[in-house]
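S.K.: Just so you know, the protein sequences line up as chains A and B, in that order. Positions 1 to 526 (my numbering) are the ones given, in order, by the first sequence. Positions 1 to 430 (my numbering) are the ones given, in order, by the second sequence.
Hints listed in this document are in silico derivations from the structure and should not be mistaken for laboratory results. Among the hints, erroneous ones may be present.
When the alpha-carbon atoms are kept at most 25 Å apart in a straight line, the in silico DMTMM-like pairs for lysine to aspartate or glutamate are as follows [to be verified]:
(1) B:Lys352 - A:Asp35
(2) A:Lys439 - B:Asp356
(3) B:Lys352 - A:Glu478
(4) B:Lys352 - A:Glu519
(5) B:Lys352 - A:Asp285
(6) B:Lys352 - A:Asp268
(7) B:Lys322 - A:Glu413
(8) B:Lys352 - A:Asp281
(9) B:Lys322 - A:Asp296
(10) B:Lys352 - A:Asp186
(11) B:Lys352 - A:Asp497
In silico contact screen, one side only, chain B against chain A (beta carbon under 7 Å); selected entries [to be verified]:
(12) Lys126
(13) Phe159
(14) Ser167
(15) Glu347
Cβ atoms here follow ideal geometry from the backbone N, Cα and C, with glycine treated the same way.
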Amino acid sequence: MQTQVLIIGAGVTGAGLARDLGLRGVQTVIVEKRDVNNGASGGNHGLLHSGARYIASDPASAAECHQENQLLKRLAPHCVETTGGLFVAMAGDDEQYIADFADRCRRCRIDTAPVDLKEAREQEPALSDRLIAAFSVDDATIDPFKLSLDNLADARQHGGQLLRYSKVIGFEIEDGRIRATRVRDDLTGREHRIEAEVVVNAAGAWAGEIATLAGAELSMRYSKGTLLVTQSRMSHRVINRLRKATDADILVPGGTVSILGTTSERVDSPDVIYPEIHEVDHIIDEGAVMVPALADTRYIRAYCGVRPLIGGGAQGGGGDDRAVSRGFALIDHGGRPEKIANFVTITGGKLTTYRLMAEKTADLVCRRLGVAAPCRTHTEPLPNTVDARWTEPGLAPNTWLRTHAADDLLICECEMVPQSVVEEIVASIKQQAGRPGLKAIGLRSRIGKGPCQGTFCSQRLAAHLYDRQHLSNHQGVEELRAFLSERWRGQQPLLWDTSLAQAELLEAMHCGLFCLELEEKKGFRF
Amino acid sequence: MKEKEIACDLVIIGTGMAGMAAALFAARRGLDAVQVGITGELGFASGPLDLLGVHPVAEGRMVGDPWQGIARLCRDEPLHPYAKLEIATIRRAMEDFLAFLQTGGYPHVTLGARNQMLVTAAGTRKPTYAVPHTMQHGPTALAHQAPCLLVGFEGLKGFSARQIALSLERHWPDLRPVRLPFPDAQGELYTEHMARSLDAAETRQKLVDAIRPHLGDAQYVGLPAVLGFYRTERVLADLQQGLGVPVFEIPTMLPAVTGVRLRELFEQRLPAMGIRPLWQQRVLGVQRVNGGRWSLAVGYTEAERLVVARSVLLCSGRFFGKGLHARRHAIQETIFDLPVVQPVDREAWHHKDLLDPQGHPINRAGVAVDENFRPVDHQGNTLFPNLFAAGSLLAYQDWMRQKCGSGLAVATACGAVNSCADFLKQVAPA
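If we strip away everything but chain B, and leave its shape as in the complex, we get (with noise of 0.2 Å):
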């Protein structure tokens, strides 16, 4: 097949939460920008998005008020990607891409200057930041300990209302769990059906039907992230209004609605903002071609077409995103070999304890990156001037157990395009 070749300013490399929040950031810019990447990754997002959770990690101390964590973090960890950021740029980035989901009909909610504490289905309890719309009353329950009826449904694997209630009990007696048959199904469930079949009315009259003769004396009706797919505002509404009592979603095990929902929300939103989308896709090879532009095959299986660009954001995710790829004895940066900050050897790598409180060496193992998110070999000194990295792929990091993943995506990847702005600025004035 005859390649085709597609010029642009920027190549967004990634379509996880680093590399959506990337395309926003270079739309609203003005960056005339195309994105790469598999967007099934993003369904692996939970719900909650968190800045930042736990603060000193080995200590396993949860951090109240996110925004001096980080102030914090950054004094004691100054290598860490947050360090590179000003606060008041972290708190930009995160309220715009907060407007932007609020604007896409998929509200999120914050309590300012607190971290908010989640619920989940292990029936254990998380600290976060923002959480979808469809979560928001559950915080708010938990924290008053208020007679609540946890709803479980027959045929959903992995998510047991008795498990829940059991397991927090000490924390929250009030909680009633329950299980029914989901309206119109049997055999197995999957959310993602559930949820789709929630955004019809008729769904949710017979859900609000089931539920109501077990409501008693409860204030609160809890169910798992299954309260619609493109419809969760108005399906929340139905279901408030039918019980007469707040509703809110638990996050279920991943891959999980919550995550469906944002790419399909990105998915829809970000072409008609000016990003040109490379989606299913994928870079196949890289080449630094005349006048240091990136020259990037890029196809499914092979290359269908080149893209050559001014200058590359490379937001490609860990080793679960193929960002990263570690062998018997290294770990490799996937699409530039670019050197990767790692652990002397494999014995390093991972502690015996699977929940070691320091956790794990590896997972702080990255691309090491500049003031201005542009990647560096092991003596500091920036490689290219036009390749930037952001997200979970960043060096001195542990988002899985520092609870900082989507702030870390969110924050470096604004921070990435307003440093390859001002690099396209700096070549070529506007």
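Only chain A is shown next, with the shape it has when bound in the complex (with noise of 0.2 Å):
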């Protein structure tokens, strides 16, 4: 196989990437080890930053913020909900730090103004009455998977194609270039060769590990982040503690939930992190502080992602890595002791800074292929495209109610997700050359995000996907298996309650039933 550029990593910034070289009449290729927003892209909060964070440690970041957030509620609104937000301190949170807040915001070009405590407390019931200051920001909420789903989608548009489940395993590199990059398909086992004029090191977290491949070294530290969602939606607004950064400070909105987070936790490697019951009982009850009802309310799940933070690997030690500098790394390959002349390595940097961070790649790929196309992802509007919109909270059930035929058998309950979604999202996989397991097509719906937490779901879906043709062999109860493994990883944590009880009965039906825990004994015999 053969394109003008690889690029290796299908989260946003991957995902970016591919749109705006793609914008730009660049032929692309994405390799991505798992599925879409497999790292931190999917493991966030969902907040376009106003920027406010960050004025404090990191005022460079701040502005990018503050710049990209007015740029994306204009050119990708259907990704974007403009909820506003607010910044509030509690009794005994540093009274410094409050006094300097606007001052700050003001140098960084972001728009503050303080808000009577009477009228936050109107504007967001919730808010505990400890409340002792309130600013009011541009904060809006930001979905993820949309953004990553609509920019591949506009990626392939213009000749852009993405291979999932396709693990980059090594490169030959010759005189000072990647010749090709070898690259295994995870479902088939199959070993491929890709050759390519630039590679692009888009792996996030994973980028450290990719760079090694080729010889190439990143000090990188890895700083885990668990968040919570809850059942309902806590607030109008994101909220955020005005405080320094530091955990469980920020509550954000999204469709008919919200999600409360994070913390930030070292770890040794950015593969098989969980969300840990300490740090969720940590966030309930830091989250408390602010909004007294998160003490009490219920929580569907618990996520965590790992932030790919450069610098500070080889330092080693302690240290706060909040301190870290949220700004993104791009790395020419060619000046470094390396010397590889077609390698670039991009990671680091947030959500909200994604589009810039592709912006800033593409320039440097151009540079290096010798195309003048400039950038057009800061004037072209992101098409709003079939792929992302099943993601959205409440439009599956919408569109259900108004329109559904005698026959489109709700697979989801809970999500309200029917049989004719299901097969939108099958042929939107397939299209992409793609296997439609449970876990796709509940990355792409909201299925399994409900309250029954893919109890009745699972096997619904697996025996549609069956009846349709999609699924054959006995690939159903390992599908079902990795499916529920994967919900469970965020129902762990957060087991008691009502929550319990439905685990209970989950349990009951598919291992008390469905013995799917017997199914991989070698020489299940009787």
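Once you've looked at the hints, go ahead and assemble the two chains, each given alone in its own frame, into the complex.
M.R.: This is the structure we're talking about:
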């Protein structure tokens, strides 16, 4: 296989880069070892920062955030909910920080205005009565899945290609250039080569591993952040704790739910990370100081992502990972000791600045390719495509209620996702030469994200996929095991009260009756 | 509202498998018993009645002979509730229970000293002890890998004949799926409606006519568990006669018709046997009154009557049944606030892997009892002479992984009722 540019990683940066290059007439292939937004792009708040969070620690990032925030609201409005945001301080919070807040925002050109305390609590009745200061900012929320899927869809319109479950296993390097990248298809086990003029490492937290395969060294830190999803929406606006950034100080509404987080825990590797029980408890206790109802509400799911932070790995030691710049790192490996002329790494950064990261990377790539076309993503609106539409909470039920035919059965009754939506998603996955499994469909819809946490929709979806010939052989058992295990990661730290009763029903059906836990046993015999 | 007062010898709290079995055994022993509970939970019974399907859990080893398996389990896990009973008692309890189902027109079939292997809607296989007669030919057909037609229905979610056939291909190559419309139905189908409609001869005939052209060389026909509601024997006989081959049901997703059939059977027969039902009501408060009797406030949302009982048998289930409740940091028993055996903290409740071969420690949490099924405190002291507990509420068992849910319910209910009857006799000899 040949292409002009090979992009490693289908997070939001890789997706944005593919679109940017596509708009400049450059041909791309993305290889992704799992599925879209597998890393930090899928494990974050979905917050389109106003920038105010970084005014003290990283004013440059704060200003970048602000510019991109304004741009994305204009160019990708279908991915954004313009909720607005509040920064709130509680009795006992650092008064000097509160006093400096407005000035610091102004210096980064971030709009903010003080809000009367009574008015703030009228706007957001969930706020604690221990409120001592409030400022409005222009935070918004952004759907990271929709954003990536729409970028990928537009990239495809311009000749781009995505290979999912394709893991980079090595590079063929000759005369200071990557001749070919060796890739293994994890579904078939087959290996193949991809020849590209330029290779971009956009593997996020895995950028260090990819660089190592090319003989380059990146010193990276991995900072895990854990987040919780509440069953119902707790506030209209984004609510930020007005203090030096620390744990559990952002509550972000998203459709019918809210997301509370995050933590910052150093981990040794970006692989096999779990939201831990002590993090969950800490987040709830801290969050409840701002919004007391967070102590008793039902939580649907916990998840986590790893922030790739460049630098510091070699220094090691402690320190607060939040102090490391949230700016991004664009590395030209031609000018480094490994001297690989056609290899570029882009990592770090934030969801809010993904477009800017893609633009800067594409500029560098185009210089290498001798392509003169300028960036267009800061003027060209992001098309709203069908690939991503079903991730939006509330859309599937509205559409189904309005238009459903008698035989268009609901596969997911919690989130009201009918067969017709599943078929649409399957068609879109197949168009990208992917395999429509349970997890892939779950990623592209609300299936498995309601209160039943996959107890019922998992088997309903498996049965449907078999009846429509989308699954064959004994894939179903493995699909069920993988889908439920993935959901479990996010449920396990939150199992008390109603959620625990639900989990017991899940295990009663899938283990008690279906015996899924026994199916992998070798020599399953009787 | 003025509260009414009822006096009785025994209150059975709970209407799941253990509560129903306890009511049956109490009635057989002539105890003056009241039963309280919301009967919906039994709808989650999937059909097969497990005795012991897997031991040891960590090895995932299937148990061939459940009686030998129980003997070994009791040696390996002396705290398991089964270990409080003689095997002969467990055996008799199961026989009595199965005899009751037989009399009620919903017989179940065992292979005696062998577990049977049942095919499920997920295309997996499950070891179990007894199956409803409607399922009995399934294990035989699987064991012989006989040519078999599997029928699914358009509009029935979560049941795909093709999924089952392809998932089992390695073990049962002669399985052939077909998907048909269900007679006189369109749009979404619900198993309970399907089962009730097959109680009518006309629907059965139409179903036979629809299946027959697909029969080919099939020696068996498998269908989802919808073969009748009240008249399963008649429905099965007619289908088998019409198709000329044995027909069997495959357990569906929950809640299932198989569970609702059991619920109806108990609801119809227990009152006739002398049980006083306070169904669709729950215990809202409990007090110990003069002479150690229990006074229970019973109602749906507010207390409608007081039940004063000489003894109580608690069969209130686990978290789904609301017998146990977990707060963020601890597990409680919901009615008497009994001590609950549980892991030290939430970190130890569940494994990080849903399918961890060890099973989750929280599933072995519960109420610990003495040799007479009376709850004990953390030092092992019996709490009350006239309070008993049975079923999945009990500690030191994992019914989902051990595949012992029904056996545990029936056997411990029997053991607890026996102890309770002894207690009542001692206090006031008949």
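S.K.: If a hint holds in the structure, say so; if it doesn't, say that too.
M.R.: Taking the hints in turn, this is what the structure says about them:
1. Restraint check for lysine 352 of chain B and aspartate 35 of chain A: satisfied, since their Cα atoms lie roughly 22 Å apart, inside the 25 Å limit.
2. Between lysine 439 of chain A and aspartate 356 of chain B the CA atoms are separated by roughly 20 Å; this keeps the pair inside 25 Å, and the hint holds.
3. The straight-line distance between the Cα atoms of lysine 352 of chain B and glutamate 478 of chain A is roughly 18 Å, inside the 25 Å bound, and the hint therefore holds.
4. A hinted pair counts as satisfied when its Cα atoms are at most 25 Å apart, and lysine 352 of chain B with glutamate 519 of chain A qualifies at roughly 19 Å.
5. A hinted pair counts as satisfied when its Cα atoms are at most 25 Å apart, and lysine 352 of chain B with aspartate 285 of chain A qualifies at roughly 23 Å.
6. At most 25 Å may separate the alpha-carbon atoms for a hinted pair to count; lysine 352 of chain B and aspartate 268 of chain A meet this at roughly 19 Å.
7. Note on lysine 322 of chain B and glutamate 413 of chain A: the hinted pairing holds, with a Cα-Cα distance of about 24 Å set against a maximum of 25 Å.
8. With a C-alpha separation of about 17 Å, the suggested pair lysine 352 of chain B and aspartate 281 of chain A falls inside the 25 Å cut-off, and the hint holds.
9. In summary, the hint linking lysine 322 of chain B to aspartate 296 of chain A is supported, as the alpha carbons are separated by about 19 Å, within the 25 Å threshold.
10. This hinted pair checks out: lysine 352 of chain B and aspartate 186 of chain A have alpha carbons roughly 24 Å apart, not beyond 25 Å.
11. Of the supplied pair hints, the one linking lysine 352 of chain B and aspartate 497 of chain A holds, its CA atoms being roughly 19 Å apart against a limit of 25 Å.
12. Nearest Cβ of chain A to the Cβ of lysine 126 of chain B: about 5 Å, under the 7 Å cut. The hint holds.
13. Interface restraint check: phenylalanine 159 of chain B against chain A, minimum CB-CB distance 6 Å, threshold 7 Å, status holds.
14. The interface hint given for serine 167 of chain B is met, as the beta carbon of that residue sits about 5 Å from the closest beta carbon of chain A, less than 7 Å.
15. Annotation: glutamate 347 of chain B was flagged as interfacial toward chain A, and the flag holds, the nearest CB pair being 5 Å apart, inside 7 Å.
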